[in-house]
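**Student:** Since chain A is already given, all that's left is putting chain B on it; use the hints.
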Amino acid sequence: MLVSLVSTVVFAVLVWLFVINTPGWSRVQQSFFDPETFVAALPRVASGFLVNLRVLLFAAVGVLVFSLVLALLRTLRGAIFFPVRALVAGYTDLFRGLPLIIVLYLVGFGIPGLRLTEERIPFETLGTIALVLTYSAYVSEVWRAGIEAVHPSQVLAARSLGLSHGKTLRLVVLPQAVRKVTPALMNDFVAMQKDVGLISVLGAIDAVRAAQIETSKFANFTPYVLAGLLFVLLAIPTIRLADWYSAKLRAREQIGPLQ
Amino acid sequence: MSAPENALVLRLENIHKAFNGVEVLKGIDLDVHSHEVVALIGASGSGKSTLLRTINQLERVDDGQVWLDGADISAPETKVDEVRARIGTVFQQFNLFPHLTVLDNVTLASRHVLGITKAVADARGLELLDRIGLASQARSYPERLSGGQQQRVAIVRAIATSPALLLLDEITSALDPELVGEVLDLVRQLKADGTTIVMATHEMAFARDVADQVVFLDAGVIAESGPPEQLFTAPRTERARAFLSRFTG
Chain A
-11 MLVSLVSTVV FAVLVWLFVI NTPGWSRVQQ SFFDPETFVA ALPRVASGFL
39 VNLRVLLFAA VGVLVFSLVL ALLRTLRGAI FFPVRALVAG YTDLFRGLPL
89 IIVLYLVGFG IPGLRLTEER IPFETLGTIA LVLTYSAYVS EVWRAGIEAV
139 HPSQVLAARS LGLSHGKTLR LVVLPQAVRK VTPALMNDFV AMQKDVGLIS
189 VLGAIDAVRA AQIETSKFAN FTPYVLAGLL FVLLAIPTIR LADWYSAKLR
239 AREQIGPLQ
Chain B
47 MSAPENALVL RLENIHKAFN GVEVLKGIDL DVHSHEVVAL IGASGSGKST
97 LLRTINQLER VDDGQVWLDG ADISAPETKV DEVRARIGTV FQQFNLFPHL
147 TVLDNVTLAS RHVLGITKAV ADARGLELLD RIGLASQARS YPERLSGGQQ
197 QRVAIVRAIA TSPALLLLDE ITSALDPELV GEVLDLVRQL KADGTTIVMA
247 THEMAFARDV ADQVVFLDAG VIAESGPPEQ LFTAPRTERA RAFLSRFTG
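Heads up: the protein sequence lines correspond to chains A and B, in order.
For the first sequence, position 129 matches number 117 in my numbering, and the numbering has no gaps at all.
Position in the second sequence (from 1) plus 46 gives the number in my numbering.
Some hints could be false.
Said to hold, decoys possible - Heads up, simulated EDC-like pairs for lysine to aspartate or glutamate below, C-alpha to C-alpha not over 20 Å straight-line:
1) A/K155 x B/E128
2) B/K164 x B/D150
3) A/K168 x B/E189
4) A/K236 x B/E189
5) B/K125 x B/E105
6) A/K155 x B/D127
As the list claims (entries may be wrong) - Computed footprint of chain A on chain B; a stretch qualifies when at least three of its residues, placed anywhere within it, have a C-beta under 8 Å from a C-beta of chain A:
7) 135 to 142
8) 155 to 168
In case anyone wonders, no lab produced these hints; they're calculated from the structure.
Glycine included, every Cβ here is placed at the ideal spot set by N, Cα and C.
Chain A with its partners taken away, still in its complex shape:
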């Protein structure tokens, strides 16, 4: 414990000394870590970050629901459902392959072009739709893996008790699948937390966009560092929670194997 503490401090000091002794350090410090700019940019970047949080919240709920629907459609058996399965498979292939930024452009500038509504659709909404489309493709595969990892004998036992297909899924398969995939879902959630910053390409005034505006106002890059800091602070609790939950699951599995 003491050794690791001392070694960490020594290592940190060495890195610190190296960085501040680089020839360009004073200029970098001025343009990236300027306290005055930090304070001045804070209100605008923070209020932009609230936009990110709002988009994240709606997108997370949207992804959870839409991805689960996709996964359930894909587990339908029988020849009659082949078109549905093929469609879902095609969807997940397409949206896992497309870069998010391209989906953002296509949705952000394509959907308004359809002129479905009289009023302008907010960029926040369009950004949320793009995030849901892309992330649902990934997350539905996570769900599918979880559903398939539940042993078929569990379904057999449930059906033998007289539970319908739907009740078997809801009461027996999904609760077990959720346990298996929660760490993977949390990991995707962490990835999405930072990808919400990409909605700035549509013109929404989020933290990244606000930082960009402040940067040009002060001719100083500190606002970007500020925005980055906010994203990291948001991610850390989720990362810790995911780690804690994975460890708990591992511990539980070591007590006794699941049947």
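**Tutor:** Chain B alone, transformed into the frame defined by chain A:
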């Protein structure tokens, strides 16, 4: 179980079932009366498990009829979920639900198939668990129980809805030898209560002890059937004699 003694509970008529062109059941006829225990014996692959699955409609028959309490449940328009609620099934591997407590395993069908309230289902579940001496484990998860305890919970789960018929599919085959006894004792109790049972089994001594009728399946047909004292001591067919000689040595 409410049916009077000797009433016909299950009738199988000319059951045929094939998988990928291979015929596993080749015309099975069988009558099971109320309070009766029927033991299905035969080598692995003789069709015992498949026959049990055609009874609770986990496998649909290719030809023939399955009658339960006078209704043809193999007809295409049958609501299989309702039928399965009236047939209890216990598997070789227990198949308890690991994410539910012992009590929730037992009450799941009562609550979500029969629509009985949680309070009533829980009371009945606890009563059943008490009968097998596991009421103290009601809030535990199945993984905390021994194999024999798990299988006894699985049996209680199967009878919690008071089914007309109980199917037991080699329920002691996955158990350590020292745990077999407690499970078989429970089956004896159920017989004493008047439960109608069809069981596939490798436990010949047990079949001889509790069965009213023993059915010897061989290559998808009933090669011989009769009361245990006759079938075990004086089998009429050569095939039954050859099969049984492997157990008596």
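**Student:** Indicate, hint by hint, whether the structure satisfies it.
**Tutor:** Tested hints:
{"no.": "1", "hint": "A/K155 x B/E128", "verdict": "13 Å, holds"}
{"no.": "2", "hint": "B/K164 x B/D150", "verdict": "10 Å, holds"}
{"no.": "3", "hint": "A/K168 x B/E189", "verdict": "16 Å, holds"}
{"no.": "4", "hint": "A/K236 x B/E189", "verdict": "16 Å, holds"}
{"no.": "5", "hint": "B/K125 x B/E105", "verdict": "14 Å, holds"}
{"no.": "6", "hint": "A/K155 x B/D127", "verdict": "11 Å, holds"}
{"no.": "7", "hint": "135 to 142", "verdict": "holds (count 6)"}
{"no.": "8", "hint": "155 to 168", "verdict": "holds (count 3)"}
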